[in-house]
Amino acid sequence: MKIKIKFFARFTEIFGREAVFEYEAAGKNSLKDAVSTFCRGCPDKYGEVFTKDGEFQDYVLIMHNLTRIDRDDAGEVKVADGDEIAIYPPVAGG
Amino acid sequence: MAVRITKDDVDIAKLIEESKKESMGAIVVFDGIVRNDGIDKIELSAYIEGATKEIEDIVADAEKKFNLLSVEVIHRIGVLDVGDNILIIVIGAGHRKEAFGGCEYILEEIKTRAPIWKKEHLKDGSRWVEQ
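Residue numbers (our numbering), protein chains in the order written: chain A, 1 to 94; chain B, 1 to 131.
Isolated chain A (complex conformation) (with noise of 0.2 Å):
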């Protein structure tokens, strides 16, 4: 299925705006294995987004299809085809 990640604010020095992939779900199929098997394709930025332990850094702020996602739960959202997520540091409008 293809998915696009979005990056924002300082992500975008690292990753680029934006990326179309195509992913392989393995039965995993969900958004946090989908943004793990984006970035480990960057594998000197991994750790930008992820702890060792491969869990979100706790600064990562996650949104899936416009709905603000919480980071323990990503691991049971399912993606599907077309989804996009976007990937943000700590907001600072205003």
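Keep in mind that the hints were calculated from the coordinates and are not lab data.
Heads up, the beta-carbon is just placed ideally off N, CA and C, and yes, glycines get one too.
Do not take every clue at face value.
[What the hints assert, rightly or not] Computed list of lysine to aspartate or glutamate pairs in EDC-like fashion (alpha-carbon distance at most 16 Å, straight line): (1) B:Lys41 - B:Asp84; (2) A:Lys28 - A:Asp81; (3) A:Lys78 - A:Asp33; (4) B:Lys53 - A:Glu84; (5) A:Lys4 - B:Glu49; (6) B:Lys119 - A:Glu13; (7) A:Lys28 - A:Asp73; (8) A:Lys45 - A:Glu18; (9) A:Lys45 - A:Glu22.
[Unchecked claim] A short list of chain B residues far from chain A (calculated; beta carbon distances all over 12 Å): (10) Ala2; (11) Asp40; (12) Gly83; (13) Lys118.
[To be verified] Derived Cβ-Cβ restraints for the label pairs, each shown as a range: (14) B:Lys7 - A:Leu66: 14 to 24 Å; (15) A:Ile14 - B:Asp61: 30 to 40 Å; (16) B:Ile48 - A:Pro90: 12 to 22 Å; (17) B:Glu104 - A:Arg10: 21 to 31 Å; (18) A:Glu76 - B:Thr112: 18 to 28 Å; (19) A:Leu66 - B:Glu104: 22 to 32 Å; (20) B:Asp11 - A:Arg17: 28 to 38 Å; (21) B:Gly94 - A:Gly47: 16 to 26 Å; (22) B:Ala26 - A:Thr67: 25 to 35 Å.
Got chain A; can you put chain B on it based on the hints?
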């Protein structure tokens, strides 16, 4: 309700006039501007679709909690100078307490939830603002 994320500045006086309804007893305006913290300029960027939806959700919550009669939220992006408008919130309600309460709620929620970021440009480089 209107939520806009835009590079353009707005005419606040016109927004106030357009918000008025006979049932209103109060309009509260918040205008967040670029403060001079030793910066040259500030650059605002946003996940526009995500931020618009998040602010629309915040406004919908505020309308129910505070019985608001009108809400306009304009958040600017792009490169701004000291003194420029960043965030304009215009709230109309029957009474002042509802208008003040709704305005503060929307402002504080935007600051913690809307995917919008600031990058300060200094004379010798730049830095991301993280709250």
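| query | What are the numbers of the hints that this structure violates, sorted from low to high? | reply | Per hint list: 9, 13 and 21 violated.
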